[in-house]
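**Student:** Using the sequences and the hints, build the whole thing.
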Amino acid sequence: MMLPIIEFCISNLASGSYKAMEMLEKDPNLDIMEYSCLSYCTRCAETLFALVNGEFVSGETPEQLVEKIYRHLEENPMF
0 MMLPIIEFCI SNLASGSYKA MEMLEKDPNL DIMEYSCLSY CTRCAETLFA
50 LVNGEFVSGE TPEQLVEKIY RHLEENPMF
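Position 30, counted from 1, in the sequence shown is what numbering that gives the first Met the number 0 calls 29; the numbers after and before it change by one each time, with no gaps.
Watch out, some of these pointers could steer you wrong.
[What the hints assert, rightly or not] Label-pair distances were calculated between CB atoms; the ranges are: (1) 42 / 4: 17 to 27 Å; (2) 15 / 69: 23 to 33 Å; (3) 60 / 32: 16 to 26 Å; (4) 17 / 55: 12 to 22 Å.
Treat the hints as calculated values from the structure; they're not laboratory data. All C-beta atoms, glycine included, are put in the ideal place defined by N, C-alpha and C.
**Tutor:** The structure is reproduced here in structure tokens:
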């Protein structure tokens with residue numbers, strides 16, 4: 000079974016998305032990845048974000064980011 004992939008940039012984790020990643024890591028149905036850079040530097044400096052199955056999802060707070068990630072997964076099923 001292929002799990003949804005949630006990718007985080009280390010710079011953005013340091014900016015506040017780390018809390019969101021910690022919340023998502025508790026979900027065994029997600030594959031969480033960390034990278035040194037995801038090449039979204041301008042957006043990374045402006046907001047918290049993650050790539051969800053390759054698509055940019057952002058939020059103002061870690062909680063909002065998690066909520067938007069789950070909403071994106073519901074609206075964009077993998078199969």
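**Student:** Can you list which hints this structure breaks, lowest number first?
**Tutor:** Hint 2 alone not satisfied by this model.
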